[in-house]
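So the sequences go chain by chain: B and X.
Be aware that the first sequence starts at 1, since it is given in this note's numbering, and climbs by one per residue.
Be aware that the second sequence starts at 1001, since it is given in this note's numbering, and climbs by one per residue.
To be clear, the hints were calculated from the coordinates, so they are not data collected in a lab.
Mixed in with the good hints there might be a few duds.
[To be verified] In silico DSS-like pairs for lysine-lysine, Cα to Cα no more than 27 Å straight-line:
| id | chain 1 | residue 1 | chain 2 | residue 2 |
| --- | --- | --- | --- | --- |
| 1 | X | Lys1028 | X | Lys1102 |
| 2 | X | Lys1124 | X | Lys1102 |
| 3 | X | Lys1036 | X | Lys1096 |
| 4 | X | Lys1124 | X | Lys1135 |
| 5 | B | Lys224 | X | Lys1102 |
| 6 | B | Lys144 | X | Lys1134 |
| 7 | X | Lys1124 | B | Lys222 |
| 8 | X | Lys1096 | B | Lys41 |
[Claimed, not checked] Covered, in the sense of this in silico footprint (three residues per stretch, anywhere, with C-beta under 8 Å from a C-beta of chain X), are these stretches of chain B:
| id | segment |
| --- | --- |
| 9 | 115-129 |
| 10 | 132-139 |
All residues carry an ideal CB built from backbone N, CA and C; glycine is no exception.
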Amino acid sequence: MFEKATPLILSGFWLTIRISIVALCLGMILGLITCLFRLSKLRVMKFLAGVYIWIIRGTPMLVQALIIHFGIPQIVNLILKAMADGGGYQKFTFTAFASGVITLTLNAGAYLSEIFRSGIQAVPVGQSEAARSLGMTAFGTMGKIVLPQAFKIVIPSLVNQFIITIKDTSILSIIGLAELVNKAKVYVGSTYQYMETYLFVAACYLVFTSLLMLLSRFIEKKLKYAKK
Amino acid sequence: MWQEYSGRGWFHMSKERATVSTVDPIEKKIVISHLKKCFGDHEVLTDINLEVDNGEVVCIIGPSGSGKSTLLRCINRLEDPTGGTIIVDGNDITDKKANINKIRENIGMVFQQFNLFHNHTVLKNITLAPIDRKKATRQQAHARALELLERVGLSEKAASYPGELSGGQQQRVAIARALAMNPDIMLFDEPTSALDPEMVGEVLAVMKELAAEGMTMVVVTHEMGFAREVSDRVIFMADGVIVEEGPPAQVFDAPKEARTKDFLNCVL
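Model the full assembly from the supplied sequences, consistent with the hints where possible.
Take a look at the structure:
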């Protein structure tokens, strides 16, 4: 029965994997930058980071995806049209993958920044005082002492957020991203095999997230600050 | 364990350095004038004036909350003074333009809670800052760290993580870590207060040796025996001011101020 379904759905699964990895890598970078902004002494930076987190956390990702995929190109095209002044202009669109990555990254970044912040604040202040007392710069102290320890503290929450982001990719089927759920819906539309297809989809997610959990357990073991 | 090493003069490197670097020896290592420190509305230090000579060992004693630790932490600007000036080795560290990282390289600090870097081995704890601040190559820092570890009696712990050591061992590593930067001045912030009683001795022994080798030291301590035996001068602080200071014999045996007498009656 799965002869026709498997290649179709697996191609969707592959896209889910790809977009998750891209968005999580970018989200980690965005989250770290946002977190450092939030902890900075400069009011402007704190404020910018605060507004960003406030907006992302306070609105549904579905709506964000719709705004980014349909809303932003519309505005851009209005501006382009005005600038073209009656002449022709190249119509601007996001591919579903592009707006998907942007949405997921913005989302993951906001939540990850809060996770990083809690991790950094959980490192005892004496650690950075000791490093500073030896003459190390604030930057070096952050990179060599605080962040490595903060990272270890936040691994469980980090993995939690990774899993949420992976599952959130399913929301992007609404903007036509041909990922797992989207492909399954197409298949179900012609075959009506609801139960089998969606169970298979669920299993795909479960495999992906389980692999991630195994990886995190491995890393956690590796990072134990002791021999044995 | 420490005793086998205590016979050795274990800071000959510093003597060598002293003759090389102090072409113009600055006799006053630390000059604090009119130092004031507030946390919010609360004034912790009020008009502190203090000078520490080259090679002098100064112990600061006094009740909790008297500002001893804050005073110490102002000397390497872990706390920003609210007013007054602090001159260390001829550099005004209260000057906003001062390169505080450079100045801190010459001021070692040992904390009550050891504050060893949990994510690094003992060896890396000691070599990290010298390499990071480009004071030594990897090989030099490595050799120096092993030498310092031997002197504090912990050679076999180089590959251990701080969490695997006892409190006394951690504090001895912390001293080695501070010494790895070849500081001119060492600040000790209640270095034995967080230790189990049986481990206090091993840490004090290291500090005694260091004092005997001529290191300039400022020690905040509750170890009255150590203060009496090792220090050149004892300072008694209460409520953010220096109440009394003088040679240990004078402060301990013939205190002039009533508050000093009360305090000593309680602790001795």
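Results for each hint:
Straight-line distance between C-alpha atoms of Lys1028(X) and Lys1102(X) comes to about 19 Å, which keeps the hinted pair within the 27 Å bound. Between the alpha carbons of Lys1124(X) and Lys1102(X) the distance comes to roughly 21 Å, so the proposed pair stays at or under 27 Å and holds. Distance restraint check for Lys1036(X) and Lys1096(X): the Cα-Cα separation of roughly 16 Å lies within the 27 Å cut-off, and the hinted pair is therefore satisfied. Note on Lys1124(X) and Lys1135(X): the hinted pairing holds, with a Cα-Cα distance of about 15 Å set against a maximum of 27 Å.
Distance check on the hinted pair: Lys224(B) and Lys1102(X) sit about 33 Å apart at the alpha-carbon level, beyond 27 Å; violated. The suggested pairing of Lys144(B) with Lys1134(X) holds, with an alpha-carbon distance near 15 Å, which does not exceed 27 Å. Our distance criterion of 27 Å between C-alpha atoms is met by Lys1124(X) and Lys222(B), whose separation comes to about 18 Å. The straight-line distance between the Cα atoms of Lys1096(X) and Lys41(B) is roughly 16 Å, inside the 27 Å bound, and the hint therefore holds.
As drawn, the segment 115-129 of chain B meets chain X at 4 residues by the rule of a beta-carbon pair under 8 Å; at three or more, the given contact holds. Only residues whose C-beta sits within less than 8 Å of a C-beta in chain X count toward coverage, and the segment 132-139 of chain B has 6 of them, enough to reach three; the restraint holds.
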